[in-house]
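Engineer: Read off the chains here:
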Amino acid sequence: MSGWERFTDAFFNAKVMEKYLPDILAGMVLTIELAIAVVISGLLAGLLLALVRSLGIRPLNWLIIFVVDLFRSLPPLVVIVLIYFGLPSAGFSPSAFVSTWLSLALVLMAFAEEIFWAGIVSTPKGQWEAARSTGLSFVQTLLHVILPQALRLTIAPLTNRTIAITKGTALGTVVALHEILGMASSAMSNSYNPSPLMMGAAAYLVLFLPVVVAARWVETRFSWKR
Amino acid sequence: MEEIVQSFFNREIAEAALPIVLAGLLNTILLSLLVVPLGLLGGLLLALFAQSRNPVVRWPLMAWVDFFRAFPPLVLLVLLFAGLPFAGVELGGFTCVAIAFFLNTGAYYGEILRAGIESIPRGQVEAARSTGLSGVQSMTYIVLPQAVRNVLPDLLSNTLEVVKLTSLGSVVAVPELLYQARQAQSVTYNATPIVMAAVIYFLILWPVVRLLSRLENRALAGRA
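If you're matching them up, the sequences are chains A and B in order. Mind the numbering: the first sequence is residues 1 to 226 in this note's numbering, read in order. Mind the numbering: the second sequence is residues 1 to 224 in this note's numbering, read in order.
It should be emphasised that the hints constitute simulated quantities derived from the structure, not laboratory data. Just so you know, even glycine gets a beta-carbon here, dropped at the ideal spot from N, CA and C. Watch out, some of these pointers could steer you wrong.
[Stated by the list, open to error] Just a few of them, taken from the derived set where beta-carbon distance is under 8 Å, the chain A residues facing chain B: (1) 77; (2) 212; (3) 214.
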């Protein structure tokens with residue numbers, strides 16, 4: 001066998017790939033489910049926190065700032081490990097899926113709150129005053145005047161951050177979640193062949209490369225005008 | 001309540017685990033001191049080459065950057081650590097982390113620095129060149145200092161992410177903070193060491209997060 005054949009036999013072994021394709025596909029489904037859950041809950045929670053923060057209740061705002069800072073400074077993997085291996089000692093044993101989802105959603109929530117808040121703050125005060133003086137209520141002003149402008153401003157930084165955090169679904173492997181990387185790793189040790197890992201890598205590219213390319217477009221479309 | 005204190009803030013275990021966890025902290029700091037300059041260097045190279053107007057240079061670079069933005073760093077790390085040995089290349093966990101970070105964070109730093117360089121008007125380069133500075137000199141003395149200042153918040157924010165990312169080293173047995181804490185946890189059957197690691201991460205990185213939050217708010221407000 002030539003060197004090249006040995007290489008393809010190890011890394012692109014058709015037999016092994018065929019055998020483990022269903023596993024990798026199942027991992028992809030789980031990764032997609034997890035990613036959607038993280039993005040929706042994380043962004044919504046972040047927006048909610050930013051809205052609550054705009055009410056200007058001092059002690060509540062301190063709490064929000066603390067929580068946001070906490071999840072911005074902790075590595076996501078540390079949060080996952082803490083929830084999965086730590087919480088059972090407190091009598092609550094979340095599954096691998098719930099631990100990973102909760103951790104990543106909290107981290108995304110923190111970053112999203114910060115970005116939404118920056119967007120809200122960046123709207124000039126005069127707009128608040130003008131809107132309120134026309135008879136709009138606080139909530140109406142927020143919904144119809146401030147948020148539409150603030151959200152537009154936040155789209156580019158939010159997209160990048162969301163992609164970076166969603167890629168973190170791979171961290172679920174550490175707590176034995178059967179997402180793409182987890183499936184690929186166990187298939188690799190079962191078959192003693194790295195082909196499943198190559199499939200896993202390809203699966204990530206299939207999922208995330210279109211998102212990254214779309215983000216590039218979004219970035220230029222909604223970029224901050226200098 | 002008593003039980004929670006026992007399993008999360010256990011004093012005896014904290015005292016016993018402290019040397020182990022601190023050794024991990026030292027490695028996390030050393031690892032960061034290695035991977036941040038490495039990533040910056042990779043990013044600078046990418047950003048400089050991206051200035052080329054030749055599409056044969058530009059397109060592969062863009063593909064390279066997008067590839068690593070789409071690829072989870074942990075997958076890259078596992079590929080290097082568990083995949084490469086099948087090709088007869090066995091690298092230690094530490095080397096794998098260094099290479100993976102060079103590739104992954106280099107792409108992110110590269111995008112930031114590219115945006116910085118492109119924020120400097122072309123007229124400045126033309127003016128610099130017309131005073132007799134060479135291309136390299138005008139890049140080094142005129143463009144880069146201003147470019148870096150323009151994107152300083154983004155650079156800082158990415159550096160924060162890189163330092164947090166060093167926790168991935170625990171997956172390939174690099175004895176950094178998280179790895180050490182998990183070792184201590186598995187020996188003691190108690191979550192206290194992991195809480196300690198989390199507290200250490202928080203105490204070290206919180207000031208950076210505060211600073212960033214200020215810089216970001218100011219940046220966004222200035223652009224509205």
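Engineer: For each hint, tell me whether it holds in the structure or not.
Structural biologist: Taking the hints in turn, this is what the structure says about them:
{"no.": "1", "hint": "77", "verdict": "5 Å, holds"}
{"no.": "2", "hint": "212", "verdict": "4 Å, holds"}
{"no.": "3", "hint": "214", "verdict": "11 Å, violated"}
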